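> Just so you know, the sequence shown maps onto residues 11 to 112 in the numbering used here.
It is worth saying that the hints were derived from the structure and are not from the lab. Misleading hints may appear alongside valid ones.
[As the list claims (entries may be wrong)] Under the rule of at most 25 Å between Cα atoms (straight-line distance), these lysine to aspartate or glutamate pairs were calculated in the DMTMM-like manner: (1) 90 x 39; (2) 90 x 73; (3) 90 x 58; (4) 90 x 41; (5) 90 x 100; (6) 90 x 47.
[Stated by the list, open to error] Cβ pair distances, simulated, as ranges: (7) 110 x 48: 35 to 43 Å; (8) 44 x 64: 16 to 24 Å; (9) 30 x 102: 16 to 24 Å; (10) 65 x 102: 19 to 27 Å.
Please read all numbers here as calculations on a predicted model, not as lab measurements. Glycine included, every Cβ here is placed at the ideal spot set by N, Cα and C.
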Amino acid sequence: MNTIPLRAGSANAHQRFGVQLGENLIDFEIDFISYLDSPAWTMNLLRDGSRIVSGAMLEPGSDIIQSYRTGIGQMVFAGKDVTLDNLGIDNFLVWIPPLVET
Numbered sequence: 011m012n013t014i015p016l017r018a019g020s021a022n023a024h025q026r027f028g029v030q031l032g033e034n035l036i037d038f039e040i041d042f043i044s045y046l047d048s049p050a051w052t053m054n055l056l057r058d059g060s061r062i063v064s065g066a067m068l069e070p071g072s073d074i075i076q077s078y079r080t081g082i083g084q085m086v087f088a089g090k091d092v093t094l095d096n097l098g099i100d101n102f103l104v105w106i107p108p109l110v111e112t
């Protein structure tokens with residue numbers, strides 16, 4: 011289990027970084043969405059330059075990539091609802107590796 015580094019604030023409204031998750035190097039694109047009724051952050055994931063997740067909303071209490079069937083495990087977002095200034099402070103994103111079948 012790894013906690014993915016997320017940064018709050020307007021200077022970090024468009025974040026780009028890579029994280030090694032098990033055998034996969036995953037590129038993250040995290041963007042603040044200001045045109046919705048409520049503040050929101052979205053996430054894209056890329057593996058080897060190919061997009062495997064597009065526009066997943068960072069909503070607390072769920073595996074936000076479950077419907078994508080990426081094979082990389084789970085991404086669970088937990089904590090308070092997001093704002094521009096509380097991302098990674100009052101909430102966090104955790105990667106849980108896939109189960110290994112024996």
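> A separate judgement is required for each hint: does it hold in the structure or not?
To see whether the hints hold, each was checked on the structure:
The straight-line distance between the Cα atoms of residue 90 and residue 39 is roughly 21 Å, inside the 25 Å bound, and the hint therefore holds. Of the pairs offered as hints, the one joining residue 90 and residue 73 holds, with about 15 Å between alpha carbons and a cut-off of 25 Å not exceeded. Of the pairs offered as hints, the one joining residue 90 and residue 58 is violated, with about 32 Å between alpha carbons and a cut-off of 25 Å exceeded. This hinted pair checks out: residue 90 and residue 41 have alpha carbons roughly 18 Å apart, not beyond 25 Å.
A distance of roughly 6 Å separates the Cα atoms of residue 90 and residue 100; the hinted pair therefore holds under the 25 Å criterion. Annotation: proposed proximity of residue 90 to residue 47 holds, straight-line Cα distance about 17 Å (limit 25 Å). The supplied range of 35 to 43 Å is met by residue 110 and residue 48, whose beta-carbon atoms lie about 38 Å from each other. A hinted range of 16 to 24 Å holds for the C-beta pair residue 44 and residue 64, which are about 19 Å apart.
Taking 16 to 24 Å as the suggested C-beta distance range, the pair residue 30 and residue 102 conforms, at roughly 18 Å. Checked against the hint of 19 to 27 Å, the pair residue 65 and residue 102 passes, with Cβ atoms roughly 20 Å apart.
This entry does not satisfy hint 3, going by the numbered hints stated previously; all others are met.
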